Amino acid sequence: MTERGRLESALERALTDDALSRRRVLGRGATLGLMVAGLAGCGIEGSASQTLASLQDEASSTRHPKAPIGDWTFSNWPLYIDKSVLKTFDKRYGGHVKYIEEINDNSQFFGKVRQQLAEGVPIGRDIVVLTDYMAAKWVRSGYVTPFDARNLPNKKHLVPNLRSVPYDPKRQFTLPWQSGAVGLGYDIRQTGGELKSFDVLFDPKYKGKISMLAEQYDSAGTVLLQQGKNPTKASVDDQLQAIEKLDKANQAGQFRRFTGNDYTTDLTKGNVAIALAYSGDLVQLQSDNKNLRFSYPDEGAMLFTDNMMLPAKVQHPYAAETMMNFVYEPKIAATICAYVNYISPVDGVRAILEKTNPDIASNELIFPPDEVRKKLYNYPNFSTAQEQTLNQAMAKVTGA
Amino acid sequence: MRQRSAAWLFAGPGLLWLLIFFAIPLVNQASVSLMSGDPEAGYTLTWAFSTYTDAISAYKPQFLRSFGYAGAATLIDLIIAFPLAYFIVFKAGRWRAFMLLLVVLPFFTSQVLRTVSWQLILSDSGFVVDRLKDIGLVASDGRVLATRTAVIAGIAYNFLPFMVLPLYVSLDKLDPRLVEAATDLYCSRVAAFRKVTLPLAIPGIFAGSLLCFIPACGDFINAALLGTSRQYMIGNVVQSKYLNVLDYPSAAALSFILMTLILVGIAIYGRLLGTKNLTEVAA
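Order-wise, the sequence lines are chains B and H.
Using this note's numbering, you'd call the opening residue of the first sequence number 1 and step up by one each time.
Using this note's numbering, you'd call the opening residue of the second sequence number 1 and step up by one each time.
Heads up, a few of these hints could be off.
[As the list claims (entries may be wrong)] Computed list of lysine-lysine pairs in DSS-like fashion (alpha-carbon distance at most 25 Å, straight line):
#: 1; chain 1: B; residue 1: 205; chain 2: H; residue 2: 195
#: 2; chain 1: B; residue 1: 207; chain 2: B; residue 2: 196
#: 3; chain 1: B; residue 1: 396; chain 2: B; residue 2: 229
#: 4; chain 1: B; residue 1: 66; chain 2: B; residue 2: 98
#: 5; chain 1: H; residue 1: 173; chain 2: B; residue 2: 207
#: 6; chain 1: B; residue 1: 205; chain 2: B; residue 2: 66
#: 7; chain 1: B; residue 1: 112; chain 2: B; residue 2: 290
#: 8; chain 1: B; residue 1: 396; chain 2: H; residue 2: 60
#: 9; chain 1: B; residue 1: 205; chain 2: B; residue 2: 233
#: 10; chain 1: B; residue 1: 229; chain 2: B; residue 2: 245
#: 11; chain 1: B; residue 1: 91; chain 2: B; residue 2: 233
#: 12; chain 1: B; residue 1: 313; chain 2: B; residue 2: 66
#: 13; chain 1: B; residue 1: 91; chain 2: B; residue 2: 66
#: 14; chain 1: H; residue 1: 195; chain 2: B; residue 2: 245
#: 15; chain 1: H; residue 1: 91; chain 2: H; residue 2: 60
#: 16; chain 1: B; residue 1: 269; chain 2: H; residue 2: 60
#: 17; chain 1: B; residue 1: 196; chain 2: B; residue 2: 290
#: 18; chain 1: H; residue 1: 173; chain 2: B; residue 2: 248
Calculated from the structure, these hints are not laboratory results.
Only a predicted model underlies this, so the values are computations on that prediction, with no experimental measurement involved.
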């Protein structure tokens, strides 16, 4: 018998014809079953709303008892923390925080974890940081775990104007991480002067030299400001009308690209003269390119706040709340602010920075003067269905 | 019987893999594509075939672009890769292995990173664009980045090795004595290339074209990073539908339409080339 023959007969003994045929029948049956199960599958669960009241009920009885801190996970946006803060935390409280810079876009991050949230399984992250409208959506859908207020004594340092927001009137589910404004980022060599109005976004002089944010809350809100309307009180029709205006300008080649955070490359490389931009980014970019400017236009600007949240079914709530409390210590908040250059939601940061980093304390992008602050507008509130309509309309404009 | 059962056993892991990661997801997505609903209420199977017709009519330009760009990039790759593979096989001598390494070397880094570096290379006031302006290939107020040219060039660059390697394999198997014999029999060098080299390289051309064209059709990174919304391909739409708009049925339907169109395209292409051993190059 050849080597090959022996091998085959050995295999043959292991799988007698009889067993094999049964196996085959079983196999076919199973395949068919899977096909049917797959095709007639039970559908995809939606994010049907829970009322704010029932969540608030839950919040009053939430207890996250003190527990030793082991390994836990914090998901945030890129370049959004001074990493020394994480080391200090680990040293002081033990355990290890796995810090992932994975959130680049609110909708995309939501798209990534949505199915798990809808099925009610943990998403493997203990803190996530999401922008107002997305945070609102998570609260509305019951995708958050309420805080145990006893673990968050430093919440008292939260600046007064952020203590209550429509989607979370008592800050029981969301705690601001940083705020920022959506204004004009530009290269002063290319514009030849300072920019004071959003009108430049539609000025034919800059045709093809402008980048626009793809997120409709930012871009359509800005268009409404340019039109002299109050974007916080925008109706769906207002918003749709603004999106249509963006569409027309885009068809005419006014915008070079629709971007997320990636407008920064185009701006520093001089591919665009003007970008609809986030205030904190520009402070950082200015250190690389002295010609870049950021302006809060006369019409005002959209104000966004990114919020820390505990996702539903969170696995390490005590560790996460300890971290939230930690970053609300004014000294720690000052360290973060000096690094990220956004608007800090923690009271007392400026006083500390005046001593340690006077140039940051006097930077108007980080600490906007009162007359600017008055003209910073929050995002409007839309239902999930309305938001879907708007996102779809915007997706059409951005070509996808 | 004996041979067959052994063969099945050896094919088992592969088949299981295909079942779990290809067949089941495929059936699942087929069912998703026939669902209707919205992200809030969820999606239920309603056999909504209209999603398909709606998707085709709404995204016709993106489909046309996908095939146009992928086809153009494949053609460019063929034009670049054939002489390159020919050179490596017949002229490179002891540098052969090294040159092959050079072909695949850029692919040791991620595609996203490579494409981002193209963004920097092609930026409006960068060295490359300035030189192109000097020689008049780009208008003085023109640009390369964020144009159709940049997207097609990016795709061609990203898929070049998939063309070079199959061509290399099929040319490597070509016996140079056949070409010699042709010239001995009074074939001109051009005729010998046309009648001997090219036909024998067809399996490589076919495999290379497929390996470039198919993934290029579904590509979205190049259009996203090097193009604008006016260059978006069907991959960009699917990505946005899945992750941003959360319209899973349309995204699934678009994927199936793309798959069907590609399959039909390949069938026609295979017929046109008319070779029976198209897959032999893989051996």
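Hints, one by one, checked against the model:
Taking the CA atoms of residue 205(B) and residue 195(H), the gap is near 58 Å; set against the 25 Å cutoff, the hint is violated. A hinted pair counts as satisfied when its Cα atoms are at most 25 Å apart, and residue 207(B) with residue 196(B) qualifies at roughly 18 Å. Of the pairs offered as hints, the one joining residue 396(B) and residue 229(B) holds, with about 24 Å between alpha carbons and a cut-off of 25 Å not exceeded. Our distance criterion of 25 Å between C-alpha atoms is met by residue 66(B) and residue 98(B), whose separation comes to about 20 Å.
The suggested pairing of residue 173(H) with residue 207(B) is violated, with an alpha-carbon distance near 55 Å, which exceeds 25 Å. Note on residue 205(B) and residue 66(B): the hinted pairing is violated, with a Cα-Cα distance of about 61 Å set against a maximum of 25 Å. Of the supplied pair hints, the one linking residue 112(B) and residue 290(B) is violated, its CA atoms being roughly 37 Å apart against a limit of 25 Å. Under the criterion of a C-alpha separation no larger than 25 Å, the hint pairing residue 396(B) with residue 60(H) is consistent with the structure, at around 13 Å.
Restraint check for residue 205(B) and residue 233(B): the C-alpha separation of about 31 Å exceeds 25 Å, so the hint is violated. Restraint check for residue 229(B) and residue 245(B): satisfied, since their Cα atoms lie roughly 14 Å apart, inside the 25 Å limit. Of the supplied pair hints, the one linking residue 91(B) and residue 233(B) is violated, its CA atoms being roughly 46 Å apart against a limit of 25 Å. This hinted pair checks out: residue 313(B) and residue 66(B) have alpha carbons roughly 17 Å apart, not beyond 25 Å.
Restraint check: the Cα-Cα separation between residue 91(B) and residue 66(B) comes to about 17 Å, which is no more than 25 Å; the hinted pair holds. Using a Cα cut-off of 25 Å, the hinted pair residue 195(H) and residue 245(B) is violated, with the two alpha carbons roughly 59 Å apart. At most 25 Å may separate the alpha-carbon atoms for a hinted pair to count; residue 91(H) and residue 60(H) exceed this at roughly 46 Å. This hinted pair does not check out: residue 269(B) and residue 60(H) have alpha carbons roughly 34 Å apart, beyond 25 Å.
Using a Cα cut-off of 25 Å, the hinted pair residue 196(B) and residue 290(B) holds, with the two alpha carbons roughly 19 Å apart. At roughly 57 Å between alpha-carbon atoms, residue 173(H) and residue 248(B) are farther apart than 25 Å, so this suggested pair is violated.
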